[in-house]
Each structure stands twice: as structure tokens, then as C-alpha cells.
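Listed below, chain by chain, are the residues.
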Amino acid sequence: MTHETAIAIRGVSKIFGPVETGLKALDNVSVDIRRNEFFTLLGPSGCGKTTLLRMIAGFETPTNGAIELDGTDITAEPPFRRPVNTVFQSYALFPHLTVAQNIAFGLEMLGRGKDEIKATTAEMLALVRMEAMAARLPAQLSGGQQQRVALARALAPRPSVLLLDEPLSALDLKLRKQMQIELKRMQQDTGITFVFVTHDQEEALTMSDRIAVMDAGHILQIGSPRDIYERPANRFVAGFIGESNFLDGTVLAAGPPARIALGGGQELSIDTADSPAAGQPVTLAVRPEYVLLGAFDAPGSLSGRITNLIYFGTDMHCHLTLDSGEELVARIPSGLSGKEGLETGAIAGVSFAPGALRIVGA
Amino acid sequence: MTRTSPRPFSVRRLPGFTAIAITCFVLLYAPIVTIVIYSFNAGDSVALWRGFSTKWYTVAAGNQIVQEATLRSLVIALWASGISTVLATMAALGTTRARNYRGRTLIYMLINQPLMVPEIVTAVALLIFFSSIKIATGYSGLGYLILAHSAFCIPFAYLPIRARMEGMDLALESAAADLYATPWQTFRRITLPLMAPGIAAGAMLAFVVSLDDVIITEFVKSAGQDTLPTYMLGQLRRAVTPEVNAISTALLALTVLLLTVFFILSGRNTARS
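Residue numbers (the UniProt record's numbering), protein chains in the order written: chain A, 1 to 362; chain B, 1 to 273.
Derived by calculation from the structure, the hints in this document are not laboratory data.
The beta-carbon is built from N, C-alpha and C at its ideal position, and this holds for glycine as well.
A few of these clues could be false.
Residues from chain A shown here face chain B by an in silico Cβ test under 8 Å; the list is partial [said to hold, decoys possible]:
1. F59
2. S90
3. A92
4. F94
5. H96
6. G106
7. L110
The task is simple: from the sequences and hints, build the whole structure.
Encoded structure:
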């Protein structure tokens with residue numbers, strides 16, 4: 001299946017301040033964002049995700065590189081000549097204009113006819129379910145309502161790409177969950193390409209078609225939520241998306257299956273073809289929900305001592321110290337039977353679900 | 001059972017607070033109240049009450065010199081507040097709508113300089129400066145007074161406008177640009193309407209400040225260019241008549257009116273953002 005590219009980021013760098021000594025916010029970033037997809041830039045604060053978004057909008061100019069929109073180079077275009085609209089983190093609703101006037105603003109600036117403006121504004125008000133609030137001023141709206149108006153205002157001119165800069169971060173948890181679903185629905189209904197910036201990995205996983213994980217001005221991995229979660233490319237991604245246990249070891253045989261020696265004479269076997277050569281150090285990652293506990297003398301399992309048990313309602317977190325000295329967390333669903341032997345101080349056998357162990361670097 | 005929580009600190013419960021406050025208000029307003037009352041005195045004296053009358057208002061209003069001085073004051077104040085407000089608006093745009101740059105504090109200080117330099121120094125400086133221009137050009141019209149008033153009115157116009165703009169989210173202008181507004185459209189449709197209450201408040205304040213200026217006017221004015229305040233000063237040097245009380249009261253009424261509008265406008269300032 002081929003995909004049309006909506007936005008192409010070509011070797012973009014951004015340095016704030018003097019080129020030699022300035023702050024490098026983006027370092028030679030390239031990515032193709034596909035038409036009609038929900039694309040998320042995910043990373044901790046300061047990773048460069050917002051800078052990249054502001055560059056697509058036209059509020060920042062790249063120090064190096066180019067940005068193409070539907071095959072046209074827009075690197076030098078000012079924001080008001082780019083068919084791209086933004087939902088700002090602060091919403092940035094015009095306080096002296098009503099909800100309807102806010103939504104109509106972009107259409108007016110584009111010089112659309114009165115009837116078309118009226119019709120589109122009504123359509124957008126309906127899309128975000130704010131018909132009853134059309135005559136209100138932004139100050140008379142709740143946070144969630146302001147958020148919806150900001151969304152309608154940005155969607156009204158039917159941009160080829162909609163940029164969203166952490167738009168849900170100011171909402172409380174329940175509203176955020178609701179808006180996540182609504183945003184996804186709107187993206188599917190309108191067929192507009194969404195580029196979404198967030199530092200919230202759960203938000204990224206639930207909404208995105210594809211995610212780019214960023215850190216320190218680089219894109220570390222691009223993939224579907226499932227790719228990113230189940231096949232993290234490196235230790236940072238494995239640690240940032242969801243929770244991960246990390247085990248350090250040395251390759252005994254590259255395999256497949258690869259055999260890895262942990263400390264304390266323990267050994268693991270992984271069914272992978274991309275193991276480093278024998279003798280190399282490796283780091284393995286495994287999600288807590290894929291750690292299985294059993295009898296300490298079960299064949300093929302590691303053993304460890306339970307140091308802490310924390311009850312979370314739906315599941316229980318079991319902290320262990322392996323014989324190799326490494327710390328490990330296992331997540332056990334509350335409904336699972338056979339937890340009788342689990343108590344602090346007990347010795348348990350530790351094994352991993354098939355395919356759960358991944359090599360994430362040295 | 002209820003427990004009395006310790007009452008939070010309030011300056012109003014400090015001993016003598018009420019007494020000091022009342023004393024201050026009396027000292028502030030008693031002289032003004034006296035002037036207002038005696039402006040309605042029927043007699044010739046400023047100290048002896050001879051019954052209620054509005055005759056001094058009629059006298060003042062019929063006095064041609066007062067009429068001319070009033071007109072001159074209003075013309076100067078209108079021009080000066082207009083010029084200083086336009087300049088102050090541009091200064092506020094320059095100091096709040098640009099990314100932080102070096103020397104911004106210095107620019108704040110330079111803009112607000114008339115507030116800090118003793119007025120008498122500005123007055124003497126302007127007198128010397130303008131008299132050399134007068135000699136060179138031969139022009140001796142109201143222009144000098146208008147320029148002088150515009151200069152010292154700038155900080156009074158600037159401060160409310162800047163306060164207004166600092167409360168404005170910079171993202172608003174980004175949002176307008178994002179929604180296809182050119183820089184001029186952004187200014188016209190977003191920036192200007194939002195700063196309008198600040199501009200109006202600044203203009204009012206500048207108008208009031210220009211209207212009651214004495215020191216700089218006294219130094220800069222040419223012969224026959226008395227404004228209302230300098231006329232009153234001249235009158236007091238000769239004989240104090242209740243006419244001056246009447247003019248003062250009228251001026252007071254105008255000032256109070258303008259300042260009320262100013263406070264309403266700057267109140268909206270904070271409520272909006």
C-alpha cells in the first residue's frame with residue numbers, strides 16, 4: 001500500500017541563538033507525514049516536538065533543511081500563506097470576538113463569501129456541539145468548551161493539515177479522555193491530516209495512527225502505536241512508552257536463538273536474529289505484564305526474591321531482586337489464580353512470555 | 001462545639017488605623033470641599049459666607065480672558081494627548097510585541113524619563129531650547145506648548161497602554177497569522193481592538209495631566225498664551241476672588257469625570273484578560 005505524503009520534513013535543524021554555541025532544538029530531522037493520518041510527535045519537554053510543530057505552522061524558520069507541504073516547498077512562506085491551521089496549547093481564542101466570530105475569522109481572512117462563511121461556521125459549531133454557545137464570548141466558556149471552539153476555528157478553513165500543540169494538557173482527566181475520543185472521531189470524519197504534539201504516552205498510543213518518539217532534537221523511532229510499544233527501537237523508547245524492565249548482560253552466542261548471560265550465572269535464550277556478536281554487552285527490555293512468576297525451581301526460569309508487593313486494584317506490582325542482582329517488576333492481574341506463594345521475602349521463579357524479551361541496545 | 005480559628009492578619013485591626021485613615025482623608029479633601037462650597041458664595045470674600053449663588057460661575061463664564069484661556073487649555077490638551085497617545089501606542093507595541101531584546105530596560109527608563117526628571121528642570125531646558133528656535137524661526141504660536149505638553153504626557157499615556165498589552169497573550173497574534181491574517185489585518189482586527197481600552201485610558205490620563213500643568217506651561221508660554229491654570233495663578237498673585245474658586249471647581253468636575261472614565265476603562269483592562 002502506498003501513501004501520499006502530506007508533509008515532508010527534509011533534514012531540518014534548528015539552533016536557537018548563535019550557530020556555534022546556541023541551543024540545538026532539532027538536529028537533522030527528517031520525516032514524512034502521510035495524508036489523512038493522525039500523526040503524533042511524542043517526547044519529553046525540551047525534545048524539540050513543539051519547535052517542529054511551530055516550524056510546520058511557520059512560526060519558526062529552520063536553521064537548515066526544508067519543509068514541503070503537498071509537494072511544495074513552504075520553508076520560506078509566512079504562517080498566513082500556509083494552508084495549515086493550529087490548535088494552540090493556550091487555545092488563543094480572540095477574547096473580543098464571540099464563538100461564532102472566532103470560528104469565522106479564518107474564512108473571512110481568506111475572503112470567502114458571506115453565505116459560505118455562515119454555512120461553514122454553522123457546520124463547525126455543530127461538529128463540536130457548540131451551537132448553543134455561538135453568541136458567547138470566550139471568557140464565558142469552560143476550559144473544555146474553549147478547547148472545542150479552538151478546534152472548530154482551526155478546522156473551519158479546511159486546512160490540509162491541522163496542528164495540535166498539547167491541546168488537552170489543560171483539561172482534567174475525565175474531560176481529556178472524552179476529548180481524545182472526540183478528536184479521533186473528528187479526524188476520521190474530516191479526513192484532515194492531524195499532527196499532534198504531546199508528552200503523554202498514553203494519549204499518543206490511544207489516538208495515533210503513527211507516532212514519532214523524540215528526544216534531544218532527534219526522532220528515535222517512527223511507527224504505529226503497537227510497533228512502538230511492542231518493538232521499541234532502543235532503551236529510551238522502551239522506557240518512555242509504558243514501563244519497562246531492563247536487564248544488562250553479555251551475548252554468549254548470537255544465535256538464533258541468541259543466548260545471553262546475566263550476572264550470577266543466570267542465562268536467557270531469545271529468539272532473535274539481530275543479536276550483537278558473541279562477547280558483546282547487551283541490554284534487554286521486558287514489559288512488567290510479560291514477566292511471569294512461578295515456582296522457583298521451574299525449568300528454564302531465573303529466580304529472584306520478592307522485595308515488595310504493591311496492590312493497584314486491577315493488578316499487583318511485584319518487585320523482585322534477581323539472583324544476578326538486577327531489579328525487576330512483574331505486573332500480575334488481580335484475577336489471576338495461583339498467587340498463593342507471593343509474599344515479601346519469598347523466592348520465585350521468573351520467566352518471560354514468548355517474544356517479550358527484546359534487545360534494545362548495548 | 002466550634003473552635004475559633006485565629007483571625008487572619010488584617011491591617012484594619014491595627015490600633016489607630018481608622019483614625020489615621022480618617023485624618024488623611026480629611027486633610028486631602030477638606031480644602032477641596034471648601035473651594036467647592038465657596039465657589040457658590042454670594043459675597044465677594046473667599047472667607048465669609050454670604051449665602052448661596054451661582055453668580056461667580058456666570059462671572060467666570062462671561063470673562064473673555066477666561067474663555068480664551070479655557071479654549072487654549074483644551075486645544076493644547078487635545079493635541080498633546082493625541083500626539084502623546086499615538087507615540088505611546090507605538091512605543092508600547094515596540095516594547096511588548098517584540099522578542100526580548102537587550103536594552104529594553106533602558107528603553108523603559110527613557111520613555112518614562114519625564115516622570116523622574118524634576119519638572120522644573122524640563123521647564124528650564126525647554127525654555128532655553130524653544131527660545132533659540134523662536135529667535136531662529138520667528139514662530140511663536142501654540143506649537144511650543146503643544147510639543148512640550150506632548151513630551152511630558154508620553155509616559156502617562158504609555159503606562160496604561162503597556163499594562164494592557166502585557167496582559168495580552170502573544171499567541172493571539174500567532175493565531176491570527178495562522179488563520180491567514182496578514183500582519184496589517186492582525187493589527188487591525190486583533191491587536192488594536194484589544195489594546196483600545198488601554199489607549200483610551202492613556203489618552204484620558206494624558207489629557208488630564210496636560211490640562212492642569214502649570215510649571216512647564218508657565219516657562220514655555222509666550223505673552224498672551226495663558227492657559228486656565230496659569231491664568232488662575234496670575235489672578236491669585238493679585239487678588240483672590242471667588243471667581244477662581246468657581247473655575248477650580250469646574251476644572252475639578254471635568255478632571256473627576258475624565259478620571260472616572262479612565263478607571264472604568266482600566267478596570268475593564270484587568271477583567272478582560
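Each hint tested on the structure:
For F59(A), the shortest C-beta to C-beta distance to chain B is roughly 6 Å, which falls under 8 Å, so the interface hint holds. Taking 8 Å as the C-beta contact cut-off toward chain B, the hint placing S90(A) at the interface holds, the least distance being around 5 Å. With 8 Å as the threshold, the beta carbon of A92(A) comes within range of chain B, its nearest partner Cβ sitting at about 4 Å, so the hint holds. The closest approach between the C-beta of F94(A) and any C-beta of chain B is roughly 6 Å, which is under the 8 Å cut-off, so the hint is satisfied.
About 5 Å separates the beta-carbon of H96(A) from the nearest beta-carbon of chain B, less than 8 Å, and the hint is met. Hint on G106(A) holds. Least Cβ distance to chain B is approximately 4 Å, under the 8 Å limit. Annotation: interface hint on L110(A) holds; nearest CB of chain B at approximately 5 Å, less than 8 Å.
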